[in-house]
Structures are given as structure tokens and as C-alpha cells.
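Trainee: Sequence:
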Amino acid sequence: MPRPSASSRASYTIIGAVTSQRPTRVGFVGINPRSQRLLLPGLTASPRADLAAVCSRDSAKAEQSATALGPEVQPFTSVAAMAHSGAIDAIYINTPVATHYDICLTAIRAGCAVICEKPLAANTTEAQELQQAAAEAGVRHVVNFTYRSMPGYRLTERLLCQGGLGRPVHAEFAQLQGHDFRPDYPARSALLESGVHLYDTILGLTQLAGFGFPSEVCAAPMEATNGLDHGWAFTLRMSTDAIVSAAFSRRSLGWNNGYRWSLYGDEAALVVELDSDRTDARTVQRGDEQHEGVWRPVAVPADLQADDNRFPTYHMDRMVAAVRGEEPYPGFTEAVATHQLADAIASSASSGSWETVAKGA
1 MPRPSASSRA SYTIIGAVTS QRPTRVGFVG INPRSQRLLL PGLTASPRAD LAAVCSRDSA
61 KAEQSATALG PEVQPFTSVA AMAHSGAIDA IYINTPVATH YDICLTAIRA GCAVICEKPL
121 AANTTEAQEL QQAAAEAGVR HVVNFTYRSM PGYRLTERLL CQGGLGRPVH AEFAQLQGHD
181 FRPDYPARSA LLESGVHLYD TILGLTQLAG FGFPSEVCAA PMEATNGLDH GWAFTLRMST
241 DAIVSAAFSR RSLGWNNGYR WSLYGDEAAL VVELDSDRTD ARTVQRGDEQ HEGVWRPVAV
301 PADLQADDNR FPTYHMDRMV AAVRGEEPYP GFTEAVATHQ LADAIASSAS SGSWETVAKG
361 A
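Reminder that position 169 of the sequence shown reads as 169 in the numbering used here, one-by-one numbering, no gaps.
FYI, nobody ran anything at the bench for these hints, they're computed from the structure. Misleading hints may appear alongside valid ones.
As the list claims (entries may be wrong) - FRET-style restraints, in silico, Cβ to Cβ:
| no. | residue 1 | residue 2 | range |
| --- | --- | --- | --- |
| 1 | Pro96 | Pro41 | 17 to 23 Å |
| 2 | Thr356 | Arg296 | 23 to 29 Å |
| 3 | Ala122 | Cys161 | 31 to 37 Å |
| 4 | Gly293 | Gly111 | 54 to 60 Å |
| 5 | Ile243 | Thr125 | 27 to 33 Å |
| 6 | Ala80 | Ile243 | 43 to 49 Å |
| 7 | Gly325 | Ala358 | 27 to 33 Å |
| 8 | Ser351 | Arg158 | 38 to 44 Å |
| 9 | Ile243 | Arg310 | 34 to 40 Å |
| 10 | Ser350 | Ile243 | 18 to 24 Å |
None of the values given here were measured: they were computed from a predicted structure. A virtual CB, placed ideally from N, CA and C, is assigned to each residue, including glycine.
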């Protein structure tokens with residue numbers, strides 16, 4: 001079967017050309033247990049990056065972190081001072097989402113590339129303004145949509161690019177977490193802060209598979225506790241008239257960071273399920289008389305595998321490669337699309353009817 005058309009494939013592009021073969025000097029903002037466990041080790045191990053600076057409003061924390069990371073790492077207590085110091089080429093933003101907008105603008109105005117944690121901003125307007133500011137400044141940008149680097153996602157990309165699905169019919173997506181039952185996990189809103197990974201996965205894979213873009217959504221929230229939503233269920237009508245159903249829940253016992261997606265065409269179907277270090281995939285093909293209706297397992301190729309020990313370095317290196325202009329990776333444009341989808345989901349839940357999904361530039 002023919003592959004998806006060029007217009008249906010992933011739209012993120014490399015911005016600009018590679019300007020230097022030396023490692024990219026990165027300044028890191030937002031020191032916390034997660035960054036010390038995953039992000040900073042991945043960054044320091046990346047062959048394309050040099051961790052050149054760390055920034056914290058707490059001068060003692062900045063000094064301690066810089067000392068622990070090596071004599072070449074400079075401590076800062078001001079993002080602006082770090083951005084204009086001449087010591088860095090890019091800023092990694094690992095701070096609360098309410099601070100992303102100001103820090104991103106500071107980096108952009110200083111001519112620094114940006115790697116930002118998701119969600120990009122507190123709302124769609126801020127995200128769009130950052131997208132415009134980066135475009136006008138010619139600054140490269142990446143948003144940490146982690147699942148784009150997971151073996152299951154990359155396997156799906158590869159299989160879809162090989163073609164064979166046929167005309168898209170429908171798809172199902174689920175993000176399953178048990179975090180609300182764990183006292184060691186902070187309570188978060190499922191709509192944007194947690195659910196943004198699901199939105200990006202849906203938008204990325206359905207576009208690649210030829211489903212087009214979401215045109216309308218009908219949504220309903222799950223039970224809320226203390227003002228925080230635990231999850232959402234929604235149905236998307238795509239621009240090709242295909243239907244996509246999806247659910248996100250932080251109250252899924254037995255799951256850590258689980259994902260499951262099923263893509264159905266009129267020639268074949270693909271199902272992928274992953275959680276932590278496990279990835280299972282299977283396909284079924286129409287017209288194969290010997291195996292009609294029989295699901296066949298698909299092994300993850302060795303070049304796509306990355307266990308918990310290797311993944312932080314691999315993933316960080318991909319993002320650094322993107323801000324160097326060496327590899328495509330989602331940035332502010334894709335982030336704006338996730339904000340717009342979240343807005344439409346919230347509007348639909350409020351109105352109890354189908355709502356139009358805005359399409360980003």
C-alpha cells in the first residue's frame with residue numbers, strides 16, 4: 001500500500017543550519033530531585049552537550065550544584081545574567097510552568113536556543129506568543145515531549161513510514177497512570193500538565209498515519225477531587241472524517257506510565273502497548289490468506305531499544321541535536337497544538353457538545 005502523503009507526515013522541521021561542531025553549551029534552570037536523577041545525568045552524558053551553567057534563585061543551591069557537577073560549571077542566580085553571560089548557547093528550562101513564559105522570552109531575546117519542559121506555557125496565548133517570538137528571532141526551540149523518544153513511539157513511526165495501513169478508519173489512545181494512588185507523587189491537573197503527553201502522541205501519530213488534523217472534539221472529565229481532575233475521555237473527529245477516541249487517567253491501578261494506542265486502516269492495523277521498560281507491539285494484515293485475522297507480534301529492533309539506564313542520555317542527546325539543527329524534534333509549534341487541543345477538550349466538557357479544535361500555524 002502507498003505510504004502516507006507528504007502533507008500528512010510529521011510537520012516539525014530542522015530550523016537553520018548547523019553552525020558549529022563543538023558541543024552546545026547548555027545552561028540549566030530548575031534544580032530539583034527529578035533533574036538531579038534524570039535530566040542532569042542525561043545532559044552531562046550527551047556527547048553533543050557541555051553543561052556550562054546552572055541557575056537557581058537560591059545561591060547556595062546554585063553553588064552546591066555547580067560544585068557537584070564539575071569545576072567548569074558556573075553558578076548563576078539570575079536567568080538574564082546567565083543568558084547574557086556569553087557562557088552558554090542554549091537554556092534548559094525545568095521550572096514550574098507558570099515561569100516558562102518569562103524564562104523563554106529572556107532566553108530568546110538573548111539569542112539562546114531553548115529546551116523547555118512541557119507544557120510550554122500556562123495557556124495558549126502565552127504559547128503562541130513564544131512561538132512568534134522564537135520565529136522572529138530565528139531561535140531554535142524544543143519542548144520535552146518525552147514519549148517521542150520511547151521505543152514504542154519510534155517503532156510506530158517506522159512502521160507507519162513503511163506504509164501498509166491503508167485508508168485510516170479509526171484509532172484509540174489511552175494514557176494510564178496509577179499516580180493518584182501513590183503518596184510519593186504530587187497531585188497535578190490531568191488536563192494540561194499530565195495529559196499533554198497524550199495530546200502530543202495523538203497529534204504526532206495520527207498525522208503520520210494520514211488521519212489529518214482534529215477538527216472537532218467531544219469530551220467529558222472524570223471524577224475530580226479537591227479541585228483537581230483525575231482524567232478525561234474524549235472523541236476526535238479528524239479532517240479526513242476518521243474518528244479517534246482517547247482517555248487519560250491518573251487512577252489506573254497497576255500502571256506506572258502506561259500507554260496504549262491502536263491504529264486501524266482498511267488494509268492493516270497496529271497496536272502498541274508500553275509501560276516503564278516494557279514495549280509490546282502487534283499487527284494484523286488484510287488479505288493474507290494464511291494469517292487472515294491473526295495478530296502477529298512485532299519485535300522492537302535493537303537500534304530503537306533504550307532501557308532506563310540509557311534512555312535519559314539518548315533522549316537528551318536528541319533534544320540537543322535538535323537545537324543544533326542536526327535532527328528534527330517537536331518544538332513550540334507542536335506545543336501550541338497541544339494547548340489548542342486542551343482548550344477544546346475543556347470547552348466541550350463545559351458545553352456538553354462538540355467543539356471546534358483550533359489549528360495552529
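Trainee: Is the distance from the Cβ of Ser350 to the Cβ of Ile243 consistent with 18 to 24 Å?
Mentor: Distance hint for Ser350, Ile243 holds at roughly 22 Å.
Trainee: Indicate whether the distance between the beta carbons of Gly293 and Gly111 respects the range 54 to 60 Å.
Mentor: holds (57 Å)
Trainee: Kindly confirm whether 23 to 29 Å is satisfied by the beta carbon distance between Thr356 and Arg296.
Mentor: violated (39 Å)
Trainee: So the hint says 27 to 33 Å: do the beta-carbon atoms of Ile243 and Thr125 match that?
Mentor: Hint holds: Cβ distance 30 Å, inside 27 to 33 Å.
Trainee: Within 43 to 49 Å: is that where the Cβ-Cβ distance between Ala80 and Ile243 falls?
Mentor: Because 48 Å falls inside the window, the suggested range holds.
Trainee: Falls inside 31 to 37 Å, the C-beta gap from Ala122 to Cys161?
Mentor: holds (35 Å)
Trainee: Note whether the CB distance of Pro96 and Pro41 lies within 17 to 23 Å or breaks it.
Mentor: 22 Å Cβ-Cβ, so the 17 to 23 Å window holds.
Trainee: With respect to the beta-carbon atoms only, verify the hint that Ser351 and Arg158 lie 38 to 44 Å apart.
Mentor: Because 39 Å falls inside the window, the suggested range holds.
Trainee: Just tell me: holds or violated, for the beta carbon distance of Gly325 and Ala358 against 27 to 33 Å?
Mentor: holds (29 Å)
Trainee: For the pair Ile243 and Arg310, does the Cβ-Cβ distance stay inside 34 to 40 Å?
Mentor: This hint holds: roughly 37 Å between Cβ atoms.
Violated hint: 2 only; the structure is consistent with all others.
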